[in-house]
Amino acid sequence: MRKGAELPPALEGADSLSNGSQAQRLRVRYAKRHRMRFASHRDIARVLERALRRAEVPVAFSAGFSPHPKISYAGAAPTGVASEAEYCELTLAEPMDPERVRERLNAAMPDGIAILDVVPAATSGWADRLEASEWRIELPGVGPDDAEAAVAAFLAAEQVEVERLTKKGRRRFDVRPAVFLLDVARRAATERQETYAILRLIVRHTTPVVRPDDVVTGLRQIADLALPAPARMTRLAQGPLDEDSGTIADPLAVDAAAARPGATVVSAHAGSAAARSGSGNVSAVQGL
Amino acid sequence: MTVESVFPQLEALLPHVQKPIQYVGGELNSVVKEWDDAEVRWALMYPDAYEVGVPNQGVQILYEILNEREGVLAERAYAVWPDLEKLMREHGVPHFTVDSHRPLAAFDVLGVSFASEMGYTNLLTALDLAGIPLHAVDRTDEHPIVLAGGHAMFNPEPIADFLDAVVLGDGEEIAIAITELIREFRREGSPGGRDELLSRLAATGGVYVPKFYDVTYLPDGRIEKYVPNRPGVPWRVQKHTVMNLDDWPYPKNPIVPIAESVHERYSVEIFRGCTRGCRFCQAGMITRPVRERSEKAIAAMVDHGLRSSGFQEVGLLSLSSADHSQISEITKNLADRYEGTHTGLSLPSTRVDAFNIDLANELTRNGRRSGLTFAPEGGSERMRRVINKMVTEEDLIRTVTAAYAAGWRQVKLYFMCGLPTEEDADVLAIADLARKVIKTGREVTGRRDIRCTVSIGGFVPKPHTPFQWAGQAPHEVVDSRLRKLRDALRSDREYGKSIGLRYHEGRPSIIEGLLSRGDRRLCRVVERVWREGGRFDGWSEYFSYERWVKAVEEELADEPVDLDWYTVRERDADEVLPWDHLDAGLDREWLWQDWQDALHGEEAVEVDDCRWSPCYDCGVCPSMGTQIQTHGVPGRKLLPLSVV
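Note that the protein sequences, when read in sequence, are chains E and B. Heads up, the first sequence is in my numbering, so the first residue is -10 and it goes up one at a time. Heads up, the second sequence is in my numbering, so the first residue is 351 and it goes up one at a time.
Simulated from the structure, these hints should not be mistaken for laboratory data. Bear in mind that the values here come from a model prediction, so they are computed numbers and not experimental data. In this text, a Cβ means the ideal position worked out from N, Cα and C, and glycines have one as well. A hint or two may mislead.
The list that follows gives simulated cross-link-like pairs (lysine-lysine, PhoX-like), each with its CA atoms no further than 20 Å apart [as the list claims (entries may be wrong)]:
#1 B:Lys847 / B:Lys900
#2 E:Lys156 / B:Lys762
#3 B:Lys575 / B:Lys561
#4 B:Lys762 / B:Lys789
#5 B:Lys561 / E:Lys157
#6 B:Lys847 / B:Lys786
Facing chain E, a subset of chain B residues (Cβ under 10 Å, in silico) [what the hints assert, rightly or not]:
#7 Val353
#8 Phe357
#9 Lys369
#10 Tyr373
#11 Val606
Facing chain B, according to a computed beta carbon distance under 7 Å, are these residues of chain E, among others [unchecked claim]:
#12 Ala20
#13 Phe27
#14 Ala28
#15 Arg42
#16 Pro56
#17 Lys59
#18 Val70
#19 Glu73
#20 Asp100
#21 Arg161
#22 Phe162
#23 Pro166
#24 Pro217
#25 Arg221
#26 Ala242
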């Protein structure tokens, strides 16, 4: 599993910096859409740092030889895919209203990058809660029946080995075990005039991370699925996986709930523990 | 007529190319104006990769100035890498602008900025991908005016056949003038078509239209003469000089790239021009006189530019930034203003003495002190006298000592190899200088971990400089001297390990030299190299010396000239040079005299800066109607430096 830098447990999103001032940690959900899906993770990080400066959000800086803004990322989507569910955590040197941070950052961002939620951090282990992702995979020019057949073949297979070029060179791995759900969203497909298939995919975060394009590669290999045009992929959600309902919960729900007036957090680890037990994470917080 | 965006077709190709983000546009401060509302539409191209082109000041300034005008639209384009070029050819996608992804061929003017000669083949790729005929004479009223500018265009002859028009010098005012001339021409119903428009541009005296000049050659290959071939076309074309930089505070809202680029900062040009008189320096010769921006105007630009962009670093640009008469106030005020904000300041091109070590310290008040770069350019005192870079060894050692004492640990020294009259001893003197630097540094600091990196570039004689007549050193000579220098440093047990050496082989400099001082006969060579696959010649992984040599041999087989004739041959005073009809304001007699003065070696005549000593009659101010503009007390003679 890919993680952001681990931070010490903290309650109510506030702790103090070395200079004694009040610090605040904020967790952010953001989207990369349309042409911005071609931005790499490093590109997005640069955009965010500049937006913070433009928006005059008082982000904290690390100490040392070459200070850099305190931002940690978790589970970033690869270059070329869109996402409605990217996450990072900011440390501010002084507290600021999360809603104001959201508004100001949105005003400072290029079109296609949108800040969706900003909540004060109230728990630890948030990166661990990003257990799985839900993806929408659009396959222009692919008939829904062909897509159905390929998906059936994929799901019936014991293992689906694909090859991908990684930083460490060519790597072969089995993508089948990480796939929790894969189906064809028929209704969406038939609404369109042209031939078009849309797949829904839920994939568990494993090592190596199975990306939606790996699954598409698997479909092409196992069922000779031909793609007349590049697949378009969008991450719809990222968070704790509820295997019973087949849904992904909001990983920031615990933090958001704790931020409401009167809320108290039972355990800093409640979120991830609850998610792992499969009982849903929101119920672990009292005061709802 | 509405022109469709090619983005849908391009988008399908992007998953298959490296760094697709560079092609999508949408950067902060980019502008997309309504196509149908514009009367004059410019595509501004930088003929190199996006990562190199996007920070370019010239393109950003013109982009903003043109887009601020009513009824005028400007969009940007950059060279596409070969992976995308291949796919665009396969799928019939034309070359596009990154702002609205409209095809280049749909614009009225394709303006191309050439900082260097090595982008010439990329121009041909762009024209070809855009469906614009490569040769100006083959274009019709349907095609854009292909207009070039930038420092390399002070001799555009090697690509003259591919250009409709060329402008020399500062682009701000002439871009507006050309725009208005085109607007007027359009309103009249474009009488006489393309050639009439070009004639009107040429008649201004400030736009060079290559096809309106006939060139004839002598039997030995030299140029006989350039003659205008239609009425109203001037014998000489003048460069443009913008006075009062404070009236032109651009870029105001810099493009903030999403992709990584070579300069991630907000840059402000603190002055234009340089009159130090370094004889090798084309930029210093063609941008005269010095015109300073005021401290107040600079502060206002930095304030607005940082707010607008979110950049973390400010670059104070010029040809020699510490020479600004108000440099102390500028840097101190900026350092005060941005203290504690994690905003970096840099002076990329600066001269320094002990006073300016204080300046360097100021720039790094809150940051690290890793390295300083000094550019003595010549290894021996004699060599520095030849090139008029008047720095004594004592100056240099004193300066470097001050730097080490102030806590800097690494010093980089920049030199050139292959300078006129150079001998092995001049290059080996670089090793002596580096040793002395380390020896003194160790004494001052009491430490052994200080380092000195020697970085060496090959000298290329450039048009409009006193060295424009010089024979370029053969690449074998340059390579042999560099090997001797490397061996001298390697065999030094005491200091060798503290001295790093960086250099490139001499062959690419020969091709740069060919294109720098070439004439129209080279258009065939450039086209041939491009047809054989030449792309991105400024990038060592794409450059092929053999491809250029073969193209020169085959395309010039029937001519009395060859590669050596263009490069290592020394020219006489009476030879007609391919750029003699292009007027940078410099008096040819003065340039020749300065070249002769340089050749006296130990006795070479020094030229002092006209900002603080009498005018030496280079000719620029009287012929261009310009004058020096400074704001404070005259500067002092300093060594070149930049903070890393």
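Each hint, compared with the structure:
no., hint, result
1, B:Lys847 / B:Lys900, "violated (41 Å)"
2, E:Lys156 / B:Lys762, "violated (33 Å)"
3, B:Lys575 / B:Lys561, "holds (14 Å)"
4, B:Lys762 / B:Lys789, "holds (15 Å)"
5, B:Lys561 / E:Lys157, "violated (54 Å)"
6, B:Lys847 / B:Lys786, "holds (14 Å)"
7, Val353, "violated (19 Å)"
8, Phe357, "holds (8 Å)"
9, Lys369, "holds (8 Å)"
10, Tyr373, "holds (8 Å)"
11, Val606, "holds (6 Å)"
12, Ala20, "violated (15 Å)"
13, Phe27, "holds (4 Å)"
14, Ala28, "holds (5 Å)"
15, Arg42, "holds (4 Å)"
16, Pro56, "holds (6 Å)"
17, Lys59, "violated (12 Å)"
18, Val70, "violated (9 Å)"
19, Glu73, "violated (18 Å)"
20, Asp100, "holds (6 Å)"
21, Arg161, "violated (21 Å)"
22, Phe162, "violated (21 Å)"
23, Pro166, "violated (26 Å)"
24, Pro217, "violated (10 Å)"
25, Arg221, "violated (9 Å)"
26, Ala242, "violated (31 Å)"
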